[in-house]
Amino acid sequence: MKTLILTALVMAFAGPAFAADKCDVPTDQWQPREALQKKLESEGWKVRSIKTEHGCYEAKALDANGKKLEAVFNPKTLESVGADSDDG
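Just so you know, we're using numbering that gives the first Met the number 0 here: the sequence shown kicks off at 0 and counts up by one.
Hints are computed from structural coordinates only; laboratory data are not their basis.
The structure displayed is predicted, hence computed values, not measured ones.
Using N, Cα and C, we set each Cβ at its ideal position, and we do this for glycine too.
One or more of the hints may lead you astray.
[To be verified] Computed cross-link-like contacts, EDC-like style, restricted to lysine to aspartate or glutamate with a CA-CA straight-line distance of at most 20 Å:
no.	residue 1	residue 2
1	Lys75	Asp62
2	Lys21	Asp62
3	Lys67	Asp23
4	Lys67	Glu52
5	Lys66	Asp27
[Stated by the list, open to error] For each label pair, taking beta carbons as the anchor points, the in silico distance ranges come out as:
no.	residue 1	residue 2	range
6	Asp27	Ala63	27 to 37 Å
7	Gly65	Asp27	31 to 41 Å
8	Asp27	Leu61	15 to 25 Å
9	Pro25	Asn64	10 to 20 Å
10	Gln28	Gly81	27 to 37 Å
11	Gln28	Asn64	19 to 29 Å
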């Protein structure tokens, strides 16, 4: 049980660090949030928010079926560098 808890804690802290490595981009090279919103909406997302988190863009949205989505994007390329979905 202790191993499971320790593994969960390590993974919780490793995720943001991994994403931050993928988003190591000077802010003068970032695309505007509106560009990411337009991209996601063209893919069928209903964007609820886009914020900056650990040097990346973090988008929260709903898909066409109303499923909650959360994904992290490189602010220069707008490529996904991590995602999480919530069935709740």
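Each hint, compared with the structure:
1. Lys75 / Asp62: violated, 24 Å
2. Lys21 / Asp62: With Cα atoms ~24 Å apart, Lys21 and Asp62 exceed 20 Å; violated.
3. Lys67 / Asp23: violated, 27 Å
4. Lys67 / Glu52: Holds - the C-alpha atoms of Glu52 and Lys67 are around 18 Å apart, at most 20 Å.
5. Lys66 / Asp27: violated, 34 Å
6. Asp27 / Ala63: 27 to 37 Å: holds, 35 Å
7. Gly65 / Asp27: 31 to 41 Å: Taking Cβ atoms as reference, Gly65 and Asp27 lie about 37 Å apart, which means the hint holds.
8. Asp27 / Leu61: 15 to 25 Å: violated, 32 Å
9. Pro25 / Asn64: 10 to 20 Å: violated, 37 Å
10. Gln28 / Gly81: 27 to 37 Å: Taking Cβ atoms as reference, Gln28 and Gly81 lie about 20 Å apart, which means the hint is violated.
11. Gln28 / Asn64: 19 to 29 Å: About 35 Å separates the Cβ atoms of Gln28 and Asn64, which means 19 to 29 Å is violated.
The structure shown violates the earlier hints numbered 1, 2, 3, 5, 8, 9, 10, 11.
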